[in-house]
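Novice: Residue numbers (this note's numbering), protein chains in the order written: chain A, 1 to 93; chain B, 94 to 303.
Any given hint could be a false lead.
[To be verified] Partial selection, computed: residues in chain B whose CB lies under 10 Å from chain A:
1) Asp119
2) Ala158
3) Asn159
4) Leu172
5) Gly173
6) Pro174
7) Pro230
8) His234
9) Ser246
10) Leu247
11) Gln252
12) Ile253
[Claimed, not checked] Away from chain B, derived, C-beta distances all over 10 Å, residues of chain A:
13) Ala23
14) His24
15) Phe44
16) Gly51
17) Ala80
18) Pro88
No wet-lab data here; the hints were simulated from the structure.
No experiment lies behind these values; they were computed from the predicted model shown.
Every residue, glycine too, gets a C-beta built ideally from N, C-alpha and C.
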Amino acid sequence: MLRIGCPWCGEREEIEFSYGGQAHLAYPQDPHALTDEQWAQYLFMRDNPKGLLRERWVHSHGCRRWFNVERHTVTHEITAIYKPGEPPPARRA
Amino acid sequence: MASTERASPLAAWPARFAAASASATDFTIRELPFTTQINVRGNAADAAFAAATQAVLGHGLPAAANTWAGTAERAALWLGPDEWLVVAPDGMNESIVAALRNSLDGQHAAVTDVSANRTVIEIAGSHARAVLGKGCPLDLHARAFSPPQTAQSLLAKAQILLQCADIRPAFRLYVRISFAPYVAEWLIDAATEFAASRGLDAQRIAARLA
Numbered sequence: 001m002l003r004i005g006c007p008w009c010g011e012r013e014e015i016e017f018s019y020g021g022q023a024h025l026a027y028p029q030d031p032h033a034l035t036d037e038q039w040a041q042y043l044f045m046r047d048n049p050k051g052l053l054r055e056r057w058v059h060s061h062g063c064r065r066w067f068n069v070e071r072h073t074v075t076h077e078i079t080a081i082y083k084p085g086e087p088p089p090a091r092r093a
Numbered sequence: 094m095a096s097t098e099r100a101s102p103l104a105a106w107p108a109r110f111a112a113a114s115a116s117a118t119d120f121t122i123r124e125l126p127f128t129t130q131i132n133v134r135g136n137a138a139d140a141a142f143a144a145a146t147q148a149v150l151g152h153g154l155p156a157a158a159n160t161w162a163g164t165a166e167r168a169a170l171w172l173g174p175d176e177w178l179v180v181a182p183d184g185m186n187e188s189i190v191a192a193l194r195n196s197l198d199g200q201h202a203a204v205t206d207v208s209a210n211r212t213v214i215e216i217a218g219s220h221a222r223a224v225l226g227k228g229c230p231l232d233l234h235a236r237a238f239s240p241p242q243t244a245q246s247l248l249a250k251a252q253i254l255l256q257c258a259d260i261r262p263a264f265r266l267y268v269r270i271s272f273a274p275y276v277a278e279w280l281i282d283a284a285t286e287f288a289a290s291r292g293l294d295a296q297r298i299a300a301r302l303a
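Isolated chain B, as found in the complex (with noise of 0.2 Å):
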């Protein structure tokens, strides 16, 4: 009998995500699944639309492109001008889609559930920004990619929203359930560099050398 159980992409990593952030120095990956998406479309220059989402969300929707409004758990990414990606945390998708259909009852504007569309990789620490830039064509200097910026783009040829969480810095992966494990391998083997135990490879090789 199939199972109904469901199952995030990524259900099998958590122990080899454990284990690359406690091998790396400051640099943490774990998946956030079942993150609930849901796709808003309208137009933004609406005031009656700004204001029947801004009264269910709590928050507006961010104006300028490539930007994030609202909390670390529930916020409203940029998509493009006319459509945004609200994230909540898991099981708040029906209620969310309900009281959103709701308020824009009436309105031209657009509801959709996405939340089986991507998963959720998040990694922190100093060393985040390295890891992305090794397969990001963005620049992701702090000076230029901090909160609230988002941006949609490729990593290593895989395609991402890609979220600044936190000034930490904190990065949110927004990936397709299909590629989700590429991109989780990809992150893992971009990290090893940082791992604790190549600094004692490096002092080992440099005592011998020595």
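With the rest of the complex left out, here is chain A (with noise of 0.2 Å):
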């Protein structure tokens, strides 16, 4: 069970978010001028780190509102988070 401060509503438990995946995926600006691996490339591949991964996580049984986590993925460490918009702090070395 992870404990995730909600940007507004301070620190919740899990079972009140949802996860997004994987944060700031840039919309391609034509998609019609992809390829279809391009587009794929897009859709569907993501990063898959052994470590720190930016992610988006709801408070779906909160305030329902969006914001950014960067949580470790194998310690489960949350090491920022930031509203959206904002930008992603430094990654600690």
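Using the hints, build the complex out of the two chains.
Specialist: Now the structure itself:
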């Protein structure tokens, strides 16, 4: 069980949240210009690091707002939480 | 012919609520049916929006997350950074919606009547915190959760909007209509251990063991 600090509601239990996958994926400027392979890359291919991953969460049973979390995929340690639109904090060494 | 009379989702429950309240020591449960609920969205930092809502409601929209403002009868509950729930007694929904829309005319704001979305269950008494604590992941101790606080969370897997309405304590649970009978059943079950007769049972058992 993770305890996740919603930027608005504060720390709550993981059951109140839903996972939204990898963050900071830019929608292609002109999807029609892409080849099928490039489109598939955008749609399906995600980073799968053994380490820190920036991902989206939504406080679905709380304030229903989206935000970003930087989480270690092995230890589940949450190293940063920031609102949508805010730049991700610099990676810790 | 279909009945056109409205019915609250807990219309069949007052007798069970009364029985549960009567048998428990210092715990009461009741429904506040047909509570007017209006969803208001807008920019809290915009002075014009704040003034327009204040003029209609008589109190400001709470700026702090997870708090409510106003009185027990007429309040505004924080739902999100740009979203509030205005609550009022039965029958006021049309007049408040019209007044808010009129007052907010021309602004980037939204006013929606959501009275039929949820019903309100009120539990009160010194055991209310313990009853809620059995199914809610929040810290419900008085030092962490007292008026004017609210929270949106889960109670026994059902989504609730929880308002600490009074220091007594009294809690109002805004529950989705389809979840209301389940939540009511769960609350009554969770409160059975505080029934006065349980104390008598314990006395009888203690007497038998003596």
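Novice: Taking the hints in turn, state whether each one holds.
Specialist: Comparing the hints with the structure gives:
1. A distance limit of 10 Å between C-beta atoms decides the matter here; for Asp119 (chain B) the minimum to chain A is near 29 Å, and the interface restraint is violated.
2. With a cut of 10 Å, the hint placing Ala158 (chain B) at the interface with chain A holds, because the nearest CB-to-CB distance is about 5 Å.
3. At a threshold of 10 Å, the smallest CB-CB gap from Asn159 (chain B) to chain A is about 6 Å, leaving the interface hint in force.
4. Below 10 Å, beta-carbon pairs count as interface contacts, and Leu172 (chain B) has one with chain A at about 7 Å; its hint therefore holds.
5. Because the smallest distance between the Cβ of Gly173 (chain B) and any Cβ of chain A comes to about 4 Å, under 10 Å, the interface hint for this residue holds.
6. A least Cβ separation of about 6 Å between Pro174 (chain B) and chain A falls short of the 10 Å threshold, and the interface hint therefore holds.
7. A distance limit of 10 Å between C-beta atoms decides the matter here; for Pro230 (chain B) the minimum to chain A is near 4 Å, and the interface restraint holds.
8. Because the beta carbon of His234 (chain B) sits about 15 Å from the nearest beta carbon in chain A, more than 10 Å, this interface hint is broken.
9. Nearest Cβ of chain A to the Cβ of Ser246 (chain B): about 6 Å, under the 10 Å cut. The hint holds.
10. Look at Leu247 (chain B): its Cβ gets to within about 5 Å of chain A, closer than 10 Å, so that hint holds up.
11. Residue-level restraint check for Gln252 (chain B) holds (minimum Cβ-Cβ distance to chain A is 5 Å; threshold 10 Å).
12. With 10 Å as the threshold, the beta carbon of Ile253 (chain B) comes within range of chain A, its nearest partner Cβ sitting at about 9 Å, so the hint holds.
13. Non-interface status of Ala23 (chain A) relative to chain B is upheld: no Cβ of that chain comes within 10 Å, the nearest being about 19 Å off.
14. Even its closest Cβ contact with chain B, about 21 Å, leaves His24 (chain A) beyond 10 Å, as expected for a residue assigned away from the interface.
15. With a cut of 10 Å on Cβ distances, Phe44 (chain A) stays outside the contact zone with chain B, its closest approach being about 32 Å.
16. Residue-level check passed: Gly51 (chain A) sits 29 Å from the nearest beta carbon of chain B, beyond 10 Å.
17. No Cβ of chain B comes within 10 Å of the Cβ of Ala80 (chain A); the nearest lies about 20 Å off, and the non-interface call holds.
18. Look at Pro88 (chain A): its CB is around 20 Å from the nearest CB on chain B, clear of 10 Å, so calling it non-interface holds up.
Figure legend: structure checked against the earlier numbered hints; hints not met, in rising order: 1 and 8.
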